[in-house]
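Work the whole structure out from these sequences, hints included.
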Amino acid sequence: MEKIDNLDKKILNIITKNARIPSKDVAVECGVSRAAIHQRIQRLTEMKVIVGSGYIVNPKALGYNTCTYIGVSLEKGSMYRDVVSKLEKIPEVVECHFTTGPYSMLIKVYAQDNQHLMQLLNDQIQHIPGVTETETLISLEQSMNRQIYIPVED
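Anchor point for the sequence shown: position 151 equals 151 in this note's numbering, and the numbering is continuous, going up by one each time.
One or more of the hints may lead you astray.
[What the hints assert, rightly or not] With a Cα cut of at most 27 Å, we get these calculated DSS-like pairs of lysine-lysine:
{"#": "1", "residue 1": "Lys60", "residue 2": "Lys10"}
{"#": "2", "residue 1": "Lys9", "residue 2": "Lys24"}
{"#": "3", "residue 1": "Lys17", "residue 2": "Lys48"}
{"#": "4", "residue 1": "Lys3", "residue 2": "Lys48"}
{"#": "5", "residue 1": "Lys76", "residue 2": "Lys48"}
{"#": "6", "residue 1": "Lys76", "residue 2": "Lys89"}
{"#": "7", "residue 1": "Lys48", "residue 2": "Lys24"}
{"#": "8", "residue 1": "Lys76", "residue 2": "Lys86"}
{"#": "9", "residue 1": "Lys60", "residue 2": "Lys86"}
{"#": "10", "residue 1": "Lys24", "residue 2": "Lys10"}
{"#": "11", "residue 1": "Lys48", "residue 2": "Lys89"}
{"#": "12", "residue 1": "Lys60", "residue 2": "Lys89"}
{"#": "13", "residue 1": "Lys108", "residue 2": "Lys86"}
{"#": "14", "residue 1": "Lys86", "residue 2": "Lys17"}
{"#": "15", "residue 1": "Lys48", "residue 2": "Lys60"}
{"#": "16", "residue 1": "Lys89", "residue 2": "Lys108"}
{"#": "17", "residue 1": "Lys60", "residue 2": "Lys108"}
{"#": "18", "residue 1": "Lys60", "residue 2": "Lys17"}
{"#": "19", "residue 1": "Lys9", "residue 2": "Lys60"}
{"#": "20", "residue 1": "Lys48", "residue 2": "Lys108"}
{"#": "21", "residue 1": "Lys76", "residue 2": "Lys60"}
[Said to hold, decoys possible] Beta-carbon label-pair distances, calculated as ranges:
{"#": "22", "residue 1": "Pro102", "residue 2": "Val49", "range": "31 to 41 Å"}
{"#": "23", "residue 1": "Gln142", "residue 2": "Ser53", "range": "18 to 28 Å"}
{"#": "24", "residue 1": "Glu75", "residue 2": "Asn114", "range": "23 to 33 Å"}
Since the hints were derived computationally from the structure, they do not count as laboratory data. Yeah, the Cβ is synthetic: ideal placement off N, Cα and C, and Gly gets one too.
Spelled out as structure tokens, the structure:
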């Protein structure tokens, strides 16, 4: 795997703080040409250092007011991939992690309200073959989200 150099790190620090920043502004801040920035970003994407792109939509603006984390226990850990394929068909499930600890999986779900959440749990998630138990934790407030602002050290 190719290594990233100091210019790559500088670019990453800039674009993770503002994904909409024009390449010309990144180029000025880095002291290189806009073409160089474009090539570097393309290379970082091909290397899978940069994954995905798009806009972040506020779920509450769309009527999804309840954010929950659900610990899911499975009959057997080997059922994980089958369960994931079923969860992918539920649009309200936005994250899924295979975990250690008390749960086999941890999923993040957005629901319109508690009744919608109950419907998702009772009629969909708990009916997936292999799911033996769920524990729901409702998020009262998201205070911070730094996943995309991980500092890149020089």
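Restraint check for Lys9 with Lys24, where alpha carbons must lie at most 27 Å apart: holds (17 Å)
Just to be sure I understand the hint, the distance between the Cβ atoms of Glu75 and Asn114 should be within 23 to 33 Å; is that true here? Given about 28 Å between the Cβ atoms, the range holds.
Next pair to validate is Lys60 with Lys86; report whether the Cα-Cα distance is within 27 Å. With a Cα-Cα distance of about 25 Å, the restraint between Lys60 and Lys86 holds, given a limit of 27 Å.
Please verify whether Lys48 and Lys24 have alpha carbons no more than 27 Å apart. Between Lys48 and Lys24 the Cα gap is close to 23 Å, so the pair holds against 27 Å.
CA of Lys17 to CA of Lys48, is that 27 Å or under? holds (18 Å)
Is 18 to 28 Å a correct range for the gap between the Cβ atoms of Gln142 and Ser53? holds (22 Å)
Between the alpha carbons of Lys3 and Lys48, is the straight-line distance 27 Å or under? Holds. Lys3 to Lys48 sits at ~12 Å (cutoff 27 Å).
Satisfaction of hint between Lys60 and Lys48, Cα-Cα up to 27 Å: violated (31 Å)
Take a quick look at whether Lys60 and Lys10 sit within 27 Å of each other, Cα to Cα. violated (33 Å)
Below or equal to 27 Å on CA atoms is what counts here, so check Lys108 against Lys86. Roughly 14 Å between the alpha carbons, so the hint for Lys108 and Lys86 holds.
Holds or violated: are the alpha carbons of Lys48 and Lys108 at most 27 Å from each other? Distance ~24 Å between Lys48 and Lys108 Cα, so the pair holds.
CA of Lys76 to CA of Lys48, is that 27 Å or under? Violated, because 31 Å separates the two Cα atoms, which is more than 27 Å.
The structure does not agree with the numbered hints 1, 5, 14, 15, 19, 21 stated previously, though it agrees with the rest.
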